[in-house]
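Hints given; two lone chains; assemble the complex.
The listed protein sequences derive, respectively, from chains W and X. Throughout the first sequence, residue numbering follows my numbering, covering 1 to 218 in sequence. Throughout the second sequence, residue numbering follows my numbering, covering 219 to 404 in sequence.
Don't read these hints as lab results, they were simulated from the structure. Hints should not be assumed to be uniformly reliable.
Claimed, not checked - If the Cβ cut is set under 8 angstroms, some of the chain W residues that face chain X in the computed set are: (1) 8; (2) 9; (3) 12; (4) 13; (5) 15; (6) 20; (7) 22; (8) 25; (9) 33; (10) 34; (11) 38; (12) 192; (13) 195; (14) 196; (15) 198; (16) 199.
Said to hold, decoys possible - If you want a taste of the chain X side facing chain W, the calculated C-beta under 7 angstroms gives, among others: (17) 233; (18) 237; (19) 339.
As the list claims (entries may be wrong) - The calculated lysine-lysine pairs, modelled on DSS-like cross-linking and capped at a C-alpha distance of 25 angstroms, are: (20) W:77 with W:135; (21) X:382 with X:393; (22) X:278 with X:290; (23) X:252 with X:278; (24) X:290 with X:252; (25) X:394 with X:382; (26) W:183 with X:393; (27) X:287 with W:191; (28) W:37 with X:393; (29) X:290 with W:191; (30) X:290 with X:382.
We put the beta carbon where it would ideally sit given N, CA and C, even for glycine.
Here is what each chain is made of, one letter per residue.
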Amino acid sequence: MKNEKHTLRNHLLEQDDVNNHAHDQYERSLRRMIHRKMHWIGRLLCGLAALGGIAFAVSLIFELCESMHHDVEVFIKVGMGSLLLCVVFYTILIGVSAIRGTVRFGSVMPVVLGGVILSGFFICLWTFLIFVLPKLYELSQSQINAPMGPDFWIIGMVCTFLFIGFFGVLTAGMTFMIHLQYKHYSQIQRKLLEIELTIADMSEKLPPDDDESAEVPR
Amino acid sequence: MRLNKQLIQDELLIVRCRQGDRQALEDLVRLYEKRLLYYIRRLVDNEQDAWNILQDTWLKVLRAIDRLKEPKLLTVWLYHIARNTIMDYRRGKYADILRFQQDDLLPDIPDDTASMSLENAQLVHLALGQLSPPHREVLTLHFLEELPLEAIAAIINTSVGTVKSRLFYARQNIKKQIEKEMHNEK
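With the rest of the complex left out, here is chain X (with noise of 0.2 angstroms):
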């Protein structure tokens, strides 16, 4: 019930866009800003590309707002227009650090990092800084959106079973990142 008024509230969003309603683009921006900021830095190094970035992903955005179908999509897509602007900002440098090999198929995994990193929100932050680049991105997007693994691979352009196999190893890593960091402290 929660995701449906979500959705439809996303809805009222992009048909309000849609209408050249600038308060409804606004809300849009303001919405998902702060996440999508968040997911730009976690693969960009320097702030200042990131906040330039994220301004080029919001013009590219406003520009096809009109293309998009599928409300329910919104999130995806927000987040694929980000990443093809990474790609697009830093071609060549962050295109070959996320082109990732092909990950051997897993099964499922039970989720155990989300009930463990939820009281150490600041560890789990600095512990995605020490993750490779596509480990990074996909934990990121599975810390902040809670997206499906259909979605996250629609957002990387790659196969549901590598972004599984992904997310299980970044998974492990950032529990070992985690288990280090509070090693240390102690």
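Here chain W stands alone, though its shape is the one from the complex (with noise of 0.2 angstroms):
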């Protein structure tokens, strides 16, 4: 009966003609929904923010290398190995979306804004650990050698903080969400396996079936 069934319903699919004309608009409709990509726009900036992310991790690179002669060395370059990688982190991420046109996880706006908060993260860690945090370590310990005198740098190292705290605590939260986007991922991975694994155990039970219909191609 079953079968039945579906001859009917194959019967019936072939009774309508098709103008053809309209079925290659559709196709060619479908087509470009299906694989759509980003604006060029849109991969141009993530194009860039990925080299200023290559630019940014080779100089991080050269400024772990370089001795800096200073008591609070171990701090700094601890503190820029872990930005370093960071920068790696997220530069691999925009970067793949440049290349492929596609994001991976959510959409093109909130990755955009997503980049800016990380650059600003970035860039103002990177100022506390190269400029503020040696001068107040300087400060600390002698009052006499600074150039600009030890309140603007009291008042830098505060706003450095608060900047810090800012984009921070935004990064942490974005942070958060791609590691539960990634675990989905790893969920939906898991599962994709558990049922190819019932397919390739249901298969090998059955005899083959000649319905088409049926039939999904990987």
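In structure tokens form, the structure reads like this:
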């Protein structure tokens, strides 16, 4: 009965005449819809951000390799090392988006906004590690050599901390969201594997099936 | 068992679609587009409109695929979206035609149209065109997908009793139409 119905379905589907022009138009629109890529401006922005990220990462590597002859060198280097890891991770994410023209997690606007927040965070952290922290340390050792007075550097420290705090909270939120997305993604991957195993198991048990409509090409 | 396999394959397709697998999206489209087009064309006179509605249907499906929680409802969900798109497209015209009066509840009726129509797909196709849109709609869903009454009721937003009633009269009418066609051929 089931097969008869499917045969009737297949026969019925063959009854309609199709206007080739309308069909071609539909095919083109559908293809554009499925394989839609980011706008070229978005890709360009992502590409530029990725290039900026690469340049930043390279400069961080050089700074990590340079000796600072400083008592707080260890703190600065550890901070810069973590910063480098973050920069590499986000540069890869945004670089892949620029090359593939697709955004894996979320849509284009949140990604661009996220990129701006991350850039702010990285630049503030970098400024703090390179300029503010060493100078503050020097000031704490001797207040005589401060070229612009100690107040300037204390105000600078407070401002930088505020910026780091502001961008840091946003970045932490974004990182948490990316973590959730990855978690969701890995759950889907696991589910996919389970389904494929079940299908493979069923295919071994069942005789070959000639119903074309049920086949899903992989 | 066959049905289970289909369900699992549907689930696999949906999971792959949610992953952003474009090939899976294409597979989903290829698997259902002919059936959806046939259904839409039974409710829309103009072929160009039918293609546009099908395209809009896929747009809605691609946007909402993440929200489909039950893969076993994929078929019902697709037809439901297609129907809503038809309603949006021709709001007023088709909505009035498809909004049907509540029919009387009827007892279960044996399905004698399936075996009769099997050899006469062309006649069934022509006869479908002679039915009223509500009858054409339920019978098309019945012939294409062999959906249970509850599923058809969910697609067309009506009660199971109404679907049962429409199906009963639709079968009677199509049988008459086919007999008339066969008589004319002789």
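Now the hints, each set against the structure:
no. : hint             : verdict
1   : 8                : 5 angstroms, holds
2   : 9                : 5 angstroms, holds
3   : 12               : 6 angstroms, holds
4   : 13               : 5 angstroms, holds
5   : 15               : 4 angstroms, holds
6   : 20               : 11 angstroms, violated
7   : 22               : 5 angstroms, holds
8   : 25               : 7 angstroms, holds
9   : 33               : 6 angstroms, holds
10  : 34               : 5 angstroms, holds
11  : 38               : 13 angstroms, violated
12  : 192              : 5 angstroms, holds
13  : 195              : 5 angstroms, holds
14  : 196              : 7 angstroms, holds
15  : 198              : 6 angstroms, holds
16  : 199              : 6 angstroms, holds
17  : 233              : 5 angstroms, holds
18  : 237              : 6 angstroms, holds
19  : 339              : 3 angstroms, holds
20  : W:77 with W:135  : 15 angstroms, holds
21  : X:382 with X:393 : 17 angstroms, holds
22  : X:278 with X:290 : 19 angstroms, holds
23  : X:252 with X:278 : 17 angstroms, holds
24  : X:290 with X:252 : 20 angstroms, holds
25  : X:394 with X:382 : 19 angstroms, holds
26  : W:183 with X:393 : 55 angstroms, violated
27  : X:287 with W:191 : 14 angstroms, holds
28  : W:37 with X:393  : 50 angstroms, violated
29  : X:290 with W:191 : 15 angstroms, holds
30  : X:290 with X:382 : 22 angstroms, holds
Hint compliance for this structure: hints 6, 11, 26 and 28 are broken, all remaining hints hold.
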